[in-house]
Amino acid sequence: MREAAAEVWKRLRAKPLSLAGLGLVAFFAALAALAPILAPAPASSRDPYLIPQDGYSPDPVRPSRRHLFGTTEQQYDLYYGIVWGARTAFKVGCTVAAVSLAVGVAMGGLAGFYGGWVDEVLMRATDVIMALPGIILAVVIVTVRGPGLFNVMLAIALVHWPSYARLVRADVLSVRQRDFVLAARSLGAGDARILARHVLPNSIYPVLVVASLDIGAVVITAAALSFLGLGAPPGYADWGQLISLSRNWILGSSGSPLAYWHTVAIPGLTIFLFTLGWNLLGDAFRDILDPRQK
Amino acid sequence: MLRFVLRRLAALPLVLAGVTLLLFGLFSRLSPEMRASLYVTDPRQLSSLEAVVEKHGLRDPFLVQYGRWLKDILRGDLGYSETAKMPVADALAAYFPATIELSAASFIPIVLLGVWLGTRAAVNQDRWVDHLSRFVSITGYSLPSFVLGLFLLMVFYGLLQAFPPGRYSLPTDIAVHSPSFRSWTGLLTLDTLLNGRGAAFLDVARHLVLPAATLTYVSMALLVRVTRSSMLEELSKDYVRTARAKGLPESAVIARHARRNALVPVITVASILLVNLLGGVIITETVFAYPGIGRWVAQAALQLDVPAVMGVSLVSSSLFVLGNLAADVLYAAADPRIRLQ
Amino acid sequence: MRRLTPLLALLVAFPGCARRQRPSSTYVYLAGSDIDSLDPDWAYDRLSDAAILQMYEPLLAFKPGSAAELEPLISEKVPSRANGLISADGLTYRFPIRKGVKFHGGQTLTPEDVRYSLLRFLLTDRDAGPSFVLLEPLLGYASTREGGKPKPAAFDDAAKAVRVEGDSVVLTLKRPFAPLLTVLATWAPMLSKDWCAKSGEWDGTRETWARFNNPAKESSFLFANANGTGPFLLERRSPEAKEVVLRRFDGYWRGPAKLSRALIKAVDEFATRKLMLQAGDADAIRAERLQLPLLQDLDGVQIVDGLSLVETRPAVFFTFRIETAGNPSVGSGKLDGKGIPADFFADKDVRRGFAHAFDYEGYIRDVDRGKGTRAVGFIPRGLLGHNDGKPRRGYDMAKAAKHLKRAWGGALWEKGFRFTASYEAGDQPGEAVANMLKRSLESLNPRFRVDVRPIQWSTYLDQQSHGKLPLFVTGWTADYPDPHNFAFSFMHSQGNMPSTQRYRNPEADRLVAAAAQELDEAKRAALYQRLQAIYEEDVPSFTILNSVYYRTQRTWVKGFVHYPMWLDAPYSCPLYALEKSDS
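Line order of the protein sequences matches chains S, E and G.
So for the first sequence, numbering that gives the first Met the number 0 puts the first residue at 0; every next one is plus one.
So for the second sequence, numbering that gives the first Met the number 0 puts the first residue at 0; every next one is plus one.
So for the third sequence, numbering that gives the first Met the number 0 puts the first residue at 0; every next one is plus one.
By construction, these hints were calculated from the structure, which means they are not laboratory data.
Remember, predicted model here, so these are calculated numbers, not experimental data.
Beta carbons are placed, not taken as given, at the ideal position from N, Cα and C, and that holds for glycine.
Hints may contain errors.
Here are some, though not all, of the chain E residues that point toward chain S, as calculated from beta-carbon distances under 7 Å [claimed, not checked]:
#, residue
1, R28
2, L29
3, L69
4, S312
5, L313
6, L318
7, F319
Next comes chain S alone, as it looks inside the complex (with noise of 0.2 Å):
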């Protein structure tokens, strides 16, 4: 395992893309440790990814000392709703692909090992999921249950899982034909202990990895719905958030048209970053892993 980890490594500080990636990913890491430190929450708050108001007026104010990234409009602080959403951003692309992934994984275990109709029911289901625009489904899922970040989770979550459980039931099918799990079925093991301790371990990794790279991409969809006005409640530290809030603003004012460039700029900015470091990242696993690319 460390040899193995060593190989990744080393082909991994070939690429300096792929350091850049790992070095976004373990930037926006720190941003989301570090944030009571750098942007320390106001005394008075009692919960920190709220974002503190300076006043009320309604127009966003240019990045200044007092606010190094400016305000959005009514006047939520970009810099501190940057730093925490980090930490969100973090909870959402983790909490999802954790999820989708159990539930993927699961579905697509079953299916795979024992086949008929088990298989059959499973596999309309996701035909079924992926048939309809992920988005649409997303955003019906978020409307019925109320807007909210867990409820973005959740919709991204069981919008997602169809993909793995097809990656897992295809992995499953050929493992399960393999000499040693055949082997511990005609030692007399249950299906519940084949399935747990020799099918699964084996077809598990290449869908891992599949969803930590996907942890970008489910950010992204998290952030789509909060721009269409889905997401955690106004104020609270999303990126998706303080987009959504640049929305009156892209046209600025007569003579400076780009007076309030900050409130797109800076969180998209932000949200591009994240997602490329993933990527990038993302990439070089695929290459490490792809066995025909050397």
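Fit chains E and G to the given chain S structure using the hints.
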């Protein structure tokens, strides 16, 4: 082959039943009062809430409501969309062409640019064009369409006032809705040309630029990657070496031999991409206020406009199933080694 | 790529983009929402009604700039007791019908058409529609249906209340109703009976009325077709383009309008509306106070500010008996610092303390950009009974603390509370009100906690109808500009807000009913002053400011007159007065 197609087609009603049951089931989790919000839109109407619930049968059991909807559908009545302010069937007819137009306006550049970039990248592996292709695909993957869209709007609309959102500006709006304008296809770029309205054509084209550019950029990545890797694979094969050994010029080797074979997986990816585009326009259409099916369904879902969401889902799910089928068939047709079963 | 460049250049340079120097003859108004229905008896949203009243005319009209004074329209005179057209007991109204008024389709308006129009308004009575405004005073009941079925007597009752006598139409009321004339200046405009009957609409007979009662929206012929007597006729309605196009009616009885055409179009995004205005493609747009800095100093664009409307918005409402079962908005549901009990706001001192804790002036300064004045009571400016005096309760944290210390026998101050204050998602002023209240309450006592939550319209309906929202920020815009509409909605136990707040004060109920029947203006005004004194005493809700609005239009638009009660004002107005000219 035929049996394969027929079997897949037979699964279509099953998928559609599943999709509509799923959505209907989700909506029925809402209280009747919440669903009445589609018809009761003002606090002044609060006192008549119960009457509205009653009138639309929102308190009936789930299966009764679904059955009612199904019966209407089988009669050819898709219902009335409160968000579109017209019957769902009319709204589909009005918004679908707009989405097709936008999808086509992005699909064509995606394929042309994507294949070109992918091929060049493979041929010039690890040279600047390869790096460019990597850059394009990675940033395209990482850029949310609404971020790119808002940014483009800020620059090209707010600053330069060049490319406005929407589908047309007012003079065109009036022109295309005048009685003398004949709607042949619903695709305004074609219709304006067929009606000989040059100015209107330019206007419609101008409105397509930003959303199409956004969609192109964020969707091209996959195609570039597939073309590149498939091309790399072909280039390493024996027959290419043979062709080169024969002394064929490199451009001919690539154009006549390698690329033709490399395009087989690309065709599949492209047809799936086209179907995904139709579903993926939701955010882009919303950002650019483009009156297509995606913007409509997003609005409809937010306002619990059940008939509209169901109608759009029926269409898009059918497209998804048919599109995937087409991809498989194309794949088999392009590569004689593959047999469908 | 190279081949594409000229095309791109052409697209950029396309003339539609450049500012047009001369106005076209079409007036274009960009609204924020869609027109719902063009049936005058079905529509009950501001934009539809505003479009309808360009094509159809009710009996009376408001005087330019006024929300209270009326002038004749289809009726040749404004009835009053002085001119003898209102009986001494206030139960009979006589409307002499104007002669020579033509419909767009060429028919001449008759008193029978007027009767038909009023009957159709009464008997269409769709669920959640506007018909109740006339049903109550004329028939004595608010709905023509019982248990979902049309009442058999409704037609006869209506026919008794609305009669033709010679050249006049006579209305008979069940009891005196002071707001009647203002209702008739907004609702039930004139239709052509023949035309309607020929188009498959109700033919005006007793036998068929039930079939047209409570219709489906799109089943009405008038949903997408129009034939009125107004200055504009319907050229087309294009739902896919979200627009309605009106054309000048040259046979209009007051002489043709100056504008030859008008287009009312829904454009959801403010950014698009702004650009179209800037480019001269639009003549007036909907724009909220928030967006003012984006519109100032634009070339050829004029802002007319300081326009008041007949509305009371925003206001903070308390629920007196909250439904606590399965309701996360009340936390633990007990007064233990982690929630609030069902009757939390039934304690007068809580409501008073909250009202003292709101920074009214700060709101006007920051959120409303310094526009508007502090409101006293619930009757907006321009209406009888509006109070221009000093409010009894201002922003005063010491007094807020005093009341909250006294509330719940001191337990509230000691234990603290936690609940959720809500506003409708997207309502920015409402959001600011909730946040300001939250912040100032929490600064009073560390054990006070207010969570602020935006809720979707659907959730609002659900929760409000079940009394689940402890505190809600919303407002009220008039159905018709009479203080009764506000008194009933803010104070009467069956009114829209109090019935969901579960607020009930028998004295207030009595005063509301008495004021509605009082025909003497001075006495009536006094009754409303008493009602507003009770309002300040009871604080079932509190109002914040007399808000003012602004209109954004091209400078070439001439003749704009603000009608405070015009639906969708000040963005739209009667088009008859407008013209477009460069001079």
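Verification of the supplied hints:
1. Residue-level restraint check for R28 (chain E) holds (minimum Cβ-Cβ distance to chain S is 6 Å; threshold 7 Å).
2. Checking L29 (chain E) against chain S: minimum C-beta separation of about 6 Å stays under 7 Å; hint holds.
3. Because the closest C-beta pair between L69 (chain E) and chain S is about 16 Å apart, greater than 7 Å, the hint is violated.
4. For the restraint placing S312 (chain E) at the interface with chain S, the shortest Cβ-Cβ distance is roughly 6 Å, inside the 7 Å limit, so the hint holds.
5. Nearest Cβ of chain S to the Cβ of L313 (chain E): about 10 Å, over the 7 Å cut. The hint is violated.
6. Look at L318 (chain E): its Cβ only gets to about 9 Å from chain S, farther than 7 Å, so that hint breaks.
7. Because the closest C-beta pair between F319 (chain E) and chain S is about 5 Å apart, less than 7 Å, the hint holds.
Going through the hint list in order, the structure does not satisfy hints 3, 5, 6.
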